[in-house]
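Asks: Okay, here's what each chain looks like letter by letter:
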Amino acid sequence: EAGVAQSPRYKIIEKRQSVAFWCNPISGHATLYWYQQILGQGPKLLIQFQNNGVVDDSQLPKDRFSAERLKGVDSTLKIQPAKLEDSAVYLCASSQIGRQFYYFGPGTRLTVT
Amino acid sequence: ELKVEQNPLFLSMQEGKNYTIYCNYSTTSDRLYWYRQDPGKSLESLFVLLSNGAVKQEGRLMASLDTKARLSTLHITAAVHDLSATYFCAVPNSGYALNFGKGTSLLVTP
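Taken in sequence, the protein lines are chains A and B.
If you number the first sequence the way my numbering does, the last residue is 113 and the count never jumps.
If you number the second sequence the way my numbering does, the last residue is 223 and the count never jumps.
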């Protein structure tokens, strides 16, 4: 089966600019996660969707970050405006409800200058 | 709030030696995950531990889970250079999203 797809793989922007990342989960996976991984740290959950509803966005900086999952499939994560501290790898993952396995995408590496 | 702690955070070991990485977590969970991450790469699943007393082995790596102690170990036997990477443990929260530790950066030297 195809894995979790993410694009772009790399993005360089200047601070105060906007950026968007896209994730396509494994077909049939109802749950989708966005994680932020800053260099030298473990991944931190930003937002969790189940189908097209938000389960947990408690760690999402809502003043600048937004995410949506229209139709319960693809998801987009947006940052507007970006700050230097947003430089990180953004990982998307998906899983089936009630199953024990999580599948991670290749990530998008964001550099904010 | 679920907290996941790993130690050590950095580990330099010689080829052929054995060592153990520890992962403690703060709330009840009967599942724990180990991942490997190479520089510039995504997360690679190593082990999924699904019950108390679970033990899994793959090559030179063996993972175990003690849910009563809220402790998992990742044991490395006769380390080789190819094992150099960062290792993360992760525990699902009440909503089933994974909470990760800070990672253990392992360097195996000749």
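Hints were generated in silico from the structure; no laboratory data involved.
Fair warning: there could be bad hints in the mix.
To be verified - Straight-line alpha carbon distances no greater than 25 Å define the calculated SDA-like cross-link-like pairs of lysine to any residue that follow:
| hint | chain 1 | residue 1 | chain 2 | residue 2 |
| --- | --- | --- | --- | --- |
| 1 | B | Lys-154 | A | Asn-52 |
| 2 | A | Lys-11 | B | Pro-152 |
| 3 | B | Lys-181 | B | Leu-115 |
| 4 | B | Lys-154 | A | Ala-2 |
| 5 | A | Lys-62 | B | Leu-184 |
| 6 | B | Lys-215 | A | Asp-74 |
| 7 | B | Lys-154 | A | Asn-24 |
| 8 | B | Lys-116 | A | Ser-18 |
| 9 | B | Lys-215 | A | Val-73 |
| 10 | B | Lys-215 | A | Gly-40 |
| 11 | A | Lys-44 | B | Pro-223 |
| 12 | A | Lys-44 | B | Thr-222 |
| 13 | B | Lys-169 | A | Ser-27 |
| 14 | A | Lys-83 | B | Gly-153 |
| 15 | B | Lys-154 | A | Asp-63 |
| 16 | B | Lys-116 | A | Gln-59 |
| 17 | B | Lys-215 | B | Leu-184 |
| 18 | A | Lys-44 | B | His-194 |
| 19 | B | Lys-154 | A | Pro-8 |
| 20 | B | Lys-154 | A | Gly-53 |
| 21 | B | Lys-116 | A | Asp-86 |
| 22 | A | Lys-83 | B | Lys-215 |
| 23 | A | Lys-83 | B | Lys-154 |
| 24 | A | Lys-78 | B | Lys-154 |
| 25 | A | Lys-11 | B | Pro-205 |
| 26 | B | Lys-154 | A | Lys-71 |
| 27 | B | Lys-215 | A | Ala-2 |
| 28 | B | Lys-215 | A | Gly-72 |
| 29 | B | Lys-116 | A | Phe-65 |
Bear in mind the structure is a predicted one, so any value in this text is a computation, not a measurement.
Asks: Just to be careful, I want the Cα atoms of B/Lys-215 and A/Gly-72 compared with a cutoff of 25 Å; is the pair within it?
Replies: violated, 31 Å
Asks: Hey, B/Lys-154 versus A/Asn-24, does the alpha-carbon distance stay inside 25 Å?
Replies: holds, 18 Å
Asks: Are the Cα atoms of B/Lys-154 and A/Asp-63 separated by 25 Å or less?
Replies: Distance ~29 Å between B/Lys-154 and A/Asp-63 Cα, so the pair is violated.
Asks: Would you mind confirming whether the straight-line C-alpha gap from A/Lys-44 to B/Thr-222 stays at or under 25 Å?
Replies: violated, 30 Å
Asks: Between the alpha carbons of B/Lys-215 and A/Val-73, is the straight-line distance 25 Å or under?
Replies: Violated, at roughly 30 Å.
Asks: Please work out if B/Lys-116 and A/Ser-18 have their alpha carbons no farther apart than 25 Å.
Replies: Between B/Lys-116 and A/Ser-18 the Cα gap is close to 32 Å, so the pair fails against 25 Å, i.e. violated.
Asks: Hinted pair, alpha-carbon criterion (25 Å max): A/Lys-44, B/His-194. Please report holds or violated.
Replies: violated, 28 Å
Asks: Could you grab the alpha-carbon distance between B/Lys-181 and B/Leu-115 and see if it respects the 25 Å cut-off?
Replies: Given pair B/Lys-181, B/Leu-115 holds - Cα atoms ~16 Å apart, limit 25 Å.
Asks: Is the Cα-Cα distance between B/Lys-116 and A/Phe-65 25 Å or less?
Replies: holds, 24 Å
Asks: B/Lys-154 and A/Pro-8: Cα distance at most 25 Å?
Replies: Holds, at about 14 Å.
Asks: Given the hint that A/Lys-11 pairs with B/Pro-152, does the C-alpha gap stay at or below 25 Å?
Replies: holds, 18 Å
Asks: Going straight from one Cα to the other, do A/Lys-83 and B/Lys-154 come out at no more than 25 Å?
Replies: This hinted pair holds, its Cα atoms lying about 23 Å apart.
Violated hints, listed in ascending order, are 1, 5, 6, 8, 9, 11, 12, 13, 15, 18, 20, 25, 26, 27, 28; each of the other numbered hints is respected by the structure.
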